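Participant: Chains as they are written, first to last, in the numbering used here: chain W, 1 to 115; chain C, 1 to 117.
If you are wondering where the hints come from, they were derived from the structure by calculation, not from laboratory data. Check the hints yourself; a few may be wrong.
Facing chain W, from chain C, some residues (calculated, C-beta under 10 Å) [claimed, not checked]:
no., residue
1, Tyr37
2, Met45
3, Val78
4, Arg95
5, Gly110
Values in this document were obtained by computation on a predicted structure and should not be read as measured data. Idealized CB from N, CA, C, for every residue including glycine.
One-letter residues, chain by chain:
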Amino acid sequence: DAGITQSPRYKITETGRQVTLMCHQTWSHSYMFWYRQDLGHGLRLIYYSAAADITDKGEVPDGYVVSRSKTENFPLTLESATRSQTSVYFCASSELGAYSNQPQHFGDGTRLSIL
Amino acid sequence: AQKITQTQPGMFVQEKEAVTLDCTYDTSDPSYGLFWYKQPSSGEMIFLIYQGSYDQQNATEGRYSLNFQKARKSANLVISASQLGDSAMYFCAMREGPETGGFKTIFGAGTRLFVKA
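Work the whole structure out from these sequences, hints included.
Facilitator: Here you go:
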């Protein structure tokens, strides 16, 4: 089925560990995004990508690393997890469209807890 | 700098009445898009409506309309004839265009809407 899938859905890890959140989309959308959702902050952009091998920082990139070797995949890595990175993480994709009018399609989110 | 502000953390509305959710934005890019999304308690993000910076008319999608006031940099969502199923979190988002070189999309903090029977 076409769509955008995130894995894992839930993850518990310890401070200092490296953890990677996966995101895969089947639409061949050019753009992909990673957000974190925290109470009172809405969705904050971590990183985004315009195409394979093109990534750029968002609002809160510190402590995160991304890569995009293939159009369909956009993994997010926390190199050394901290408690402040406990959050719900959403991946999204979109085409650009005329005048930037294409909406984003979101995955179901990954709930990450760092102990 | 690009910024989205939603000043209403929570709103109550009576079933069948209309409600307006506020959104203001700031950008230096003349070309941008404004979006509204709904997030029910189940957690998924649902796209509701889009308004382009060059659009002359306010966008409408069924019971949703967007009150776009470009000079005031506001893009308020109007939900007409509220239903119990409209109870959810609502997010305003903005995508900048090529002038600022990124098509980055950022979100506001959200407004939680409660519809009363």
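Participant: If any of the earlier hints don't hold here, list their numbers in rising order.
Facilitator: 3
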